Amino acid sequence: AQSVTQLDSQVPVFEEAPVELRCNYSSSVSVYLFWYVQYPNQGLQLLLKYLSGSTLVKGINGFEAEFNKSQTSFHLRKPSVHISDTAEYFCAVSDWTNFNKFYFGSGTKLNVKP
Amino acid sequence: NAGVTQTPKFQVLKTGQSMTLQCAQDMNHNSMYWYRQDPGMGLRLIYYSASEGTTDKGEVPNGYNVSRLNKREFSLRLESAAPSQTSVYFCASSPSGSSDTQYFGPGTRLTVL
Numbered sequence: 089a090q091s092v093t094q095l096d097s098q099v100p101v102f103e104e105a106p107v108e109l110r111c112n113y114s115s116s117v118s119v120y121l122f123w124y125v126q127y128p129n130q131g132l133q134l135l136l137k138y139l140s141g142s143t144l145v146k147g148i149n150g151f152e153a154e155f156n157k158s159q160t161s162f163h164l165r166k167p168s169v170h171i172s173d174t175a176e177y178f179c180a181v182s183d184w185t186n187f188n189k190f191y192f193g194s195g196t197k198l199n200v201k202p
Numbered sequence: 004n005a006g007v008t009q010t011p012k013f014q015v016l017k018t019g020q021s022m023t024l025q026c027a028q029d030m031n032h033n034s035m036y037w038y039r040q041d042p043g044m045g046l047r048l049i050y051y052s053a054s055e056g057t058t059d060k061g062e063v064p065n066g067y068n069v070s071r072l073n074k075r076e077f078s079l080r081l082e083s084a085a086p087s088q089t090s091v092y093f094c095a096s097s098p099s100g101s102s103d104t105q106y107f108g109p110g111t112r113l114t115v116l
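Just so you know, the protein sequences line up as chains L and F, in that order.
Each residue of the first sequence is one higher than the last, beginning at 89 in our numbering.
Each residue of the second sequence is one higher than the last, beginning at 4 in our numbering.
Hint data in this document are derived by calculation from the structure and do not stem from the laboratory.
All values derive from a computational prediction rather than experimental measurement.
Quick reminder that beta carbons are idealized off the backbone N, C-alpha and C, glycines included.
Be aware that a few hints might be false.
One side of the interface only, derived from the structure: several residues of chain F facing chain L at Cβ under 7 Å [as the list claims (entries may be wrong)]:
1) Y51
2) G56
3) S101
4) F107
5) P109
6) L113
Throw the hints in and build the complete structure from the sequences for me.
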């Protein structure tokens, strides 16, 4: 089974500062990687995903992530955050050997301060 | 389109009671999923259904049963609720499998006393 590690449970940051949310996964087989965002009292929605090809993936709301196979990482970045980015962010992994099984990290709460 | 809908939004049960959480999607998706979300643990897959008529266990299936009633509906049943099942439950759907975006419902907050 896969495991997904999000080392930072909370990340405080000031508005307009850059941010990086870290995600590492365990599998050495080919994987699909996702970042989801959860706003308070809502379900999750997709920010971006990596399936294949270019290792730099751009998503909605100015977020991007870079797939690093050698380090088994998929860190999420944004060059300048807004108050509205305050939410919880989840990294998720699936692989083609376990069709339909997804593994989520424990989440990182991003708190953007004015 | 409503997307993924879940009922009820909130529920309080006593230990030993049973209940069914309902989920429906109107996107003609083949795959549907049930997750539970607990603080500090992210989302854990309970059961999934790759297509109408099939269901499979996820990471934490014990204490739960599911039914894929038709392509639209996927229900989760707790036969004898336990306090350890206090959680927020999310249903999701996707077009097919592991490379697809999942679309999540708004969640059901369940408390078992």
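When the structure is checked against the list of hints, which entries are broken? Sort them ascending. 2 and 6
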